[in-house]
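Visitor: Spelled out, the chains give:
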Amino acid sequence: MRVGLSIRQTRGEFVKRVEEISGQEILACNQCGKCSAGCPAAMAMDLLPSQVIRLVQLGLEEALTSETIWLCASCLTCLSRCPKGVDLPRIMEALRQLVLRKEGDRLELSALPADFLSEAPQLAIIAGSRKYLS
Amino acid sequence: MRYLYFPGCTLSTKAKGFAASGEASARALGIDLVELSRWNCCGATFPLATDNLLALVAPTRILLNAQKEGDHLVALCSICYHVLKRTNRLLKEEADKREKINLFIEEEYREEVQVLHLLGLLRDEIGFEALCEGGQKRLQGLRVAPYYGCLLLRPFQEIGLDDPEEPRILDDLLASLGCEVVEFSHKSECCGSYLAMNSSEVTRELSYAILRSALASGAQVVVTSCPLCQFNLDYRQGEMAAHYPGFAQIPVLYFTQLLGIALGIESDTFGLADHHVDPRPLLVSRGLQ
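Read top to bottom, the protein sequences are chains A and B.
The numbering of the first sequence is the working numbering, which starts it at 1 and goes up by one.
The numbering of the second sequence is the working numbering, which starts it at 1001 and goes up by one.
Just so you know, these hints were derived from the structure itself, not from any lab.
All figures in this text were calculated on a predicted structure; none of them were measured in a lab.
Just so you know, not all the hints are guaranteed correct.
In silico DSSO-like links for lysine-lysine, alpha-carbon gap of 30 Å or less [unchecked claim]:
{"no.": "1", "chain 1": "B", "residue 1": "Lys1092", "chain 2": "A", "residue 2": "Lys16"}
{"no.": "2", "chain 1": "A", "residue 1": "Lys102", "chain 2": "B", "residue 2": "Lys1100"}
{"no.": "3", "chain 1": "A", "residue 1": "Lys16", "chain 2": "A", "residue 2": "Lys102"}
{"no.": "4", "chain 1": "A", "residue 1": "Lys16", "chain 2": "A", "residue 2": "Lys34"}
{"no.": "5", "chain 1": "B", "residue 1": "Lys1016", "chain 2": "B", "residue 2": "Lys1137"}
{"no.": "6", "chain 1": "B", "residue 1": "Lys1016", "chain 2": "B", "residue 2": "Lys1100"}
{"no.": "7", "chain 1": "A", "residue 1": "Lys102", "chain 2": "B", "residue 2": "Lys1097"}
{"no.": "8", "chain 1": "A", "residue 1": "Lys84", "chain 2": "B", "residue 2": "Lys1092"}
{"no.": "9", "chain 1": "B", "residue 1": "Lys1100", "chain 2": "B", "residue 2": "Lys1068"}
{"no.": "10", "chain 1": "A", "residue 1": "Lys34", "chain 2": "A", "residue 2": "Lys84"}
{"no.": "11", "chain 1": "A", "residue 1": "Lys84", "chain 2": "A", "residue 2": "Lys16"}
{"no.": "12", "chain 1": "B", "residue 1": "Lys1068", "chain 2": "B", "residue 2": "Lys1097"}
{"no.": "13", "chain 1": "A", "residue 1": "Lys84", "chain 2": "B", "residue 2": "Lys1097"}
{"no.": "14", "chain 1": "B", "residue 1": "Lys1097", "chain 2": "A", "residue 2": "Lys16"}
{"no.": "15", "chain 1": "A", "residue 1": "Lys16", "chain 2": "B", "residue 2": "Lys1100"}
{"no.": "16", "chain 1": "B", "residue 1": "Lys1068", "chain 2": "B", "residue 2": "Lys1092"}
To spell it out: a stretch of chain A is covered by chain B in this simulated footprint if at least three of its residues, at any positions, have a beta carbon under 8 Å from a beta carbon of chain B; those stretches are [what the hints assert, rightly or not]:
{"no.": "17", "region": "106 to 113"}
{"no.": "18", "region": "117 to 131"}
Far from chain A, by Cβ distances over 12 Å, these chain B residues were calculated [said to hold, decoys possible]:
{"no.": "19", "residue": "Tyr1003"}
{"no.": "20", "residue": "Leu1103"}
{"no.": "21", "residue": "Pro1245"}
The C-beta atom is built at its ideal place from N, Cα and C for all residues, glycine as well.
Looking at chain A on its own, in the form it has when it is part of the complex (with noise of 0.2 Å):
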């Protein structure tokens, strides 16, 4: 894949909000990949999470159309582990955010199984609320 690269990108409006609602500093990924290694969902991935994050810094917006993003649970093995400190959940939050912000839910409740959600614990609903819906 060819990319064309500019300062007015890497330094672009997406790279500024995504740095701003994760409180991250995106350029201080190494790219050591300790992430995707130690990524439990990794296995379901289109992209491995050290590669969502190559594509915000180098402002690539296809990071919004990733299933990664949704597939990432807030588990924090790869904040715990990232020997930059770089919070990799906050940077998938955010590019959450911004698809949601912009395009709405991600979830339509009424669609799950009934025997699902008689089931479900109240903190699964509401954790997924909070994930999945704008």
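We have chain A already, so just place chain B on it with the hints.
Guide: Positioned in the frame of chain A, the structure of chain B alone reads:
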């Protein structure tokens, strides 16, 4: 010893047995867990977006209510504990956000409350070695996999309860009760958490990996302190059995249920019949029921 106690939504509804066994066990050990007279849902997530102050209002209200009645607040649920502990720390460290939230709720939280988990309280105030002192170790030989999950431990800088990579607190508690604690690789891997709401297959896979690891280590039961972990690990075992022939189902209990049984407390209110994988045959076979 009297401690203020925040049960939270799930312990008041779907996980009543967790609450009942925790309260009864604490009482037997001389800890009086007094429920906050007024409380609300903590929000079940600590907001990771730094501009989302509204999600901090619910946990701040809980801390404020605790401040009116005491100086400690004990939680049993890992997620409630995580949210309250992180919110408390944020309010202490970020004065501008604390002021905004105080203005919004029109009261003043002075960040004086200390948030505790029952596990920490048992370890630090009672001491695990004292739990079965002089008594018979009823759980002797029961092979248990202590499953910590994520939010009880991480981020260590904010939670500080135990080492996030090699935690001991549940291991040590269960060993003090006479259990044979098995080592397994997935004790702090994620069960899928709220992915249960949007990605059931991924959740099943993550939870299956944890149970497979526990079973491979010879565990007869998995123990947790989180109602969401309990649900993910327990509810999908039928699906796992259909998907992975040869998968042997394994009960998933709250640590308080085993603690209560070890202390010889009548377990009628412990909700043992509410689990999807029934733990009672195992308990009966070991003379614990």
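Visitor: Broken hints, numbered, in rising order?
Guide: 6
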